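Enquirer: Listed here are the chains, written in short residue letters.
2 protein chains.
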Amino acid sequence: MLGHLARRLGLQQIRAGLNQPLSESDTRLQSSLHTIRTISMMPLWPFSSQPRDFSQPNSTWSPEMCKVYDHYNALCDTDTENGEKKRGPWRKLPSYNRSIKYATGGIHLSKMIKAKARLFTRNFKEQGATFEYVVFVNKEEKRCVCVFQAGHLLEGAPGHVHGGAIATMIDTVTGTLAGFLSGPIMTANLNIDYRSPMPLGSVVLIHSALDQIERKKQYITCKVTSADESKLYTEATALFVSISVDHLFGSRN
Amino acid sequence: MLGHLARRLGLQQIRAGLNQPLSESDTRLQSSLHTIRTISMMPLWPFSSQPRDFSQPNSTWSPEMCKVYDHYNALCDTDTENGEKKRGPWRKLPSYNRSIKYATGGIHLSKMIKAKARLFTRNFKEQGATFEYVVFVNKEEKRCVCVFQAGHLLEGAPGHVHGGAIATMIDTVTGTLAGFLSGPIMTANLNIDYRSPMPLGSVVLIHSALDQIERKKQYITCKVTSADESKLYTEATALFVSISVDHLFGSRN
Numbered sequence: 001m002l003g004h005l006a007r008r009l010g011l012q013q014i015r016a017g018l019n020q021p022l023s024e025s026d027t028r029l030q031s032s033l034h035t036i037r038t039i040s041m042m043p044l045w046p047f048s049s050q051p052r053d054f055s056q057p058n059s060t061w062s063p064e065m066c067k068v069y070d071h072y073n074a075l076c077d078t079d080t081e082n083g084e085k086k087r088g089p090w091r092k093l094p095s096y097n098r099s100i101k102y103a104t105g106g107i108h109l110s111k112m113i114k115a116k117a118r119l120f121t122r123n124f125k126e127q128g129a130t131f132e133y134v135v136f137v138n139k140e141e142k143r144c145v146c147v148f149q150a151g152h153l154l155e156g157a158p159g160h161v162h163g164g165a166i167a168t169m170i171d172t173v174t175g176t177l178a179g180f181l182s183g184p185i186m187t188a189n190l191n192i193d194y195r196s197p198m199p200l201g202s203v204v205l206i207h208s209a210l211d212q213i214e215r216k217k218q219y220i221t222c223k224v225t226s227a228d229e230s231k232l233y234t235e236a237t238a239l240f241v242s243i244s245v246d247h248l249f250g251s252r253n
Numbered sequence: 001m002l003g004h005l006a007r008r009l010g011l012q013q014i015r016a017g018l019n020q021p022l023s024e025s026d027t028r029l030q031s032s033l034h035t036i037r038t039i040s041m042m043p044l045w046p047f048s049s050q051p052r053d054f055s056q057p058n059s060t061w062s063p064e065m066c067k068v069y070d071h072y073n074a075l076c077d078t079d080t081e082n083g084e085k086k087r088g089p090w091r092k093l094p095s096y097n098r099s100i101k102y103a104t105g106g107i108h109l110s111k112m113i114k115a116k117a118r119l120f121t122r123n124f125k126e127q128g129a130t131f132e133y134v135v136f137v138n139k140e141e142k143r144c145v146c147v148f149q150a151g152h153l154l155e156g157a158p159g160h161v162h163g164g165a166i167a168t169m170i171d172t173v174t175g176t177l178a179g180f181l182s183g184p185i186m187t188a189n190l191n192i193d194y195r196s197p198m199p200l201g202s203v204v205l206i207h208s209a210l211d212q213i214e215r216k217k218q219y220i221t222c223k224v225t226s227a228d229e230s231k232l233y234t235e236a237t238a239l240f241v242s243i244s245v246d247h248l249f250g251s252r253n
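Going line by line, the protein sequences match chains A and B.
In terms of full-length UniProt numbering, the first sequence is residues 1 to 253.
In terms of full-length UniProt numbering, the second sequence is residues 1 to 253.
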């Protein structure tokens with residue numbers, strides 16, 4: 001039973017990662033193991049009452065992914081040695097496998113609607129196979145950055161990421177920013193230019209920024225680049241419209 | 001072992017469907033069971049040398065899905081009673097879980113690239129949970145229709161289909177048409193207007209048509225409607241560019 005749960009949690013993979021021989025000259029791998037060690041100290045879902053945060057690092061994250069994660073994580077709020085909080089410009093957003101479940105009254109609503117429903121980007125149990133990502137948001141600058149690693153089950157053209165998987169991440173990241181700034185929203189338009197095919201396994205940055213607001217409309221711009229920002233994969237604009245919950249469920253009648 | 005394979009194939013669900021009591025007045029259910037019976041007579045993957053065709057009906061397809069499938073299937077080539085072939089305007093396209101594997105030389109190529117890679121829309125073993133769809137193409141009219149049933153693991157807003165999952169199907173269907181008409185292509189642009197939120201479990205039609213061709217560029221239009229075509233969910237345009245295989249793998253260097 002515990003073994004089964006451990007497999008579900010990917011603990012075996014995490015522990016396997018901790019047991020890997022560590023070359024001192026490989027600072028990337030050190031960084032990767034540092035983040036894995038950090039999560040092994042945390043209370044583990046489902047043994048805690050906390051829902052699982054899918055944006056926590058795991059052993060399938062490549063050294064490149066961990067390096068970028070560490071970079072932005074260091075720019076978030078941190079606890080200093082004397083126990084004080086040091087403010088940072090960035091904030092890491094948690095990510096669950098259902099948007100409604102953890103909102104006010106969400107548990108009851110999610111039971112009413114579809115108990116088996118899961119967020120599209122977090123529906124897969126096998127870590128590393130599909131969407132591995134974490135979103136950092138900068139409220140003052142009204143922008144966010146997502147670090148995304150594309151798993152092997154996201155294939156479109158042979159060896160490359162499906163255009164729909166890239167569109168999914170663009171919708172997710174731009175929508176996260178719009179929702180963070182303005183509350184409940186729905187996607188009204190996505191306009192995506194695919195500049196260069198993205199190989200499976202790539203680690204990319206999805207930069208998203210608020211362009212303008214017109215009443216209930218929010219215009220967001222988006223760029224997908226390589227982790228070192230030297231290569232442009234995709235550019236997009238997104239339009240979101242603020243909605244009430246009534247609007248959403250009115251559509252079901 | 002056989003039981004395990006049967007579960008993988010969803011045979012238990014199919015057989016459960018065959019044993020359901022059938023009301024004679026319910027023509028929709030009759031239609032559904034007709035298609036399920038049809039596939040139970042076919043050679044079953046992995047016992048045959050044929051790859052599994054994911055666009056074959058299964059027991060998770062709703063009566064509404066089966067009804068539309070039967071409608072278009074009846075307009076495809078059929079064998080008449082005297083053994084002749086009767087030509088139909090539509091053709092049902094098969095759908096595998098890897099685009100490269102079954103192309104010329106594809107088996108070797110797929111081994112060279114990523115053996116574990118799977119097509120994004122066909123990466124899930126559990127039938128009915130994500131993308132259930134089948135594409136019918138009309139070569140003469142340069143258009144195609146996809147019947148798509150949105151599973152419970154495609155959630156975005158609570159109870160509704162993720163915008164990225166809709167974008168994925170639009171990319172898939174418009175790309176299938178472009179590829180069918182012109183050979184290897186890559187998505188260059190998707191411009192998607194989301195008109196109305198789509199409840200999870202919906203069966204929709206994705207209508208796609210060639211708008212124009214300019215040298216290597218193919219412009220495709222797309223509409224996503226309810227199965228009875230009374231409700232418009234999404235409108236889109238897509239631009240594809242013809243490529244050579246060299247182009248794709250040149251990007252990896």
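Simulated from the structure, these hints should not be mistaken for laboratory data.
Hints are supplied without guarantee of correctness; some may be wrong.
Chain copies aren't distinguished; within one or between two, either way the pair holds.
Said to hold, decoys possible - No more than 35 Å apart at the CA atoms, straight line, and that leaves these computed lysine-lysine pairs for DSBU-like: (1) Lys116 / Lys231; (2) Lys67 / Lys223; (3) Lys67 / Lys216; (4) Lys92 / Lys125; (5) Lys116 / Lys86; (6) Lys92 / Lys223; (7) Lys85 / Lys116; (8) Lys223 / Lys142; (9) Lys216 / Lys231; (10) Lys86 / Lys67; (11) Lys216 / Lys116; (12) Lys92 / Lys116.
Since the model is a prediction, treat every value here as computed from it, not as a measurement.
Enquirer: Between copies, within a copy, both or neither: which fits Lys92 and Lys125 at Cα up to 35 Å?
Expert: both (22 Å within a copy, 33 Å between copies)
Enquirer: 35 Å Cα cut-off: does Lys223 pair with Lys142 within a copy, between copies, both or neither?
Expert: both (15 Å within a copy, 33 Å between copies)
Enquirer: Under a CA distance limit of 35 Å, which applies to Lys67 and Lys216: within one copy, between copies, both, or neither?
Expert: Classified as neither: same-chain Cα gap 37 Å, cross-chain 40 Å, threshold 35 Å.
Enquirer: My question is about Lys216 and Lys231: at a cut-off of 35 Å on alpha-carbon distance, are they close within one copy, between copies, both, or neither?
Expert: both (34 Å within a copy, 24 Å between copies)
Enquirer: Please sort Lys67 with Lys223 into within, between, both or neither, judging by C-alpha distance up to 35 Å.
Expert: within (20 Å within a copy, 42 Å between copies)
Enquirer: Between Lys216 and Lys116, at a C-alpha cutoff of 35 Å, which is it: within one copy, between copies, both, or neither?
Expert: within (32 Å within a copy, 44 Å between copies)
Enquirer: At most 35 Å between C-alpha atoms: does Lys116 with Lys86 qualify within a copy, between copies, both, or neither?
Expert: neither (40 Å within a copy, 44 Å between copies)
Enquirer: Can you tell me if Lys92 and Lys116 fall within 35 Å by alpha carbon in one copy, between copies, both or neither?
Expert: Both: 27 Å inside a copy, 31 Å across copies.
Enquirer: Taking 35 Å as the upper bound on the Cα-Cα distance, should Lys86 and Lys67 be classified as within, between, both, or neither?
Expert: within (21 Å within a copy, 61 Å between copies)
Enquirer: When Cα atoms must be at most 35 Å apart, do Lys92 and Lys223 count as within-copy, between-copy, both, or neither?
Expert: within (19 Å within a copy, 37 Å between copies)
Enquirer: How would you label the pair Lys116, Lys231 (within, between, both, or neither) given a Cα cut-off of 35 Å?
Expert: Answer is between: at 26 Å across copies they meet the 35 Å cutoff, but 39 Å inside does not.
Enquirer: Have a look at Lys85 and Lys116 and pick one of within, between, both or neither, based on CA distance no larger than 35 Å.
Expert: neither (39 Å within a copy, 44 Å between copies)
Hint compliance for this structure: hints 3, 5 and 7 are not met, and every other hint is.
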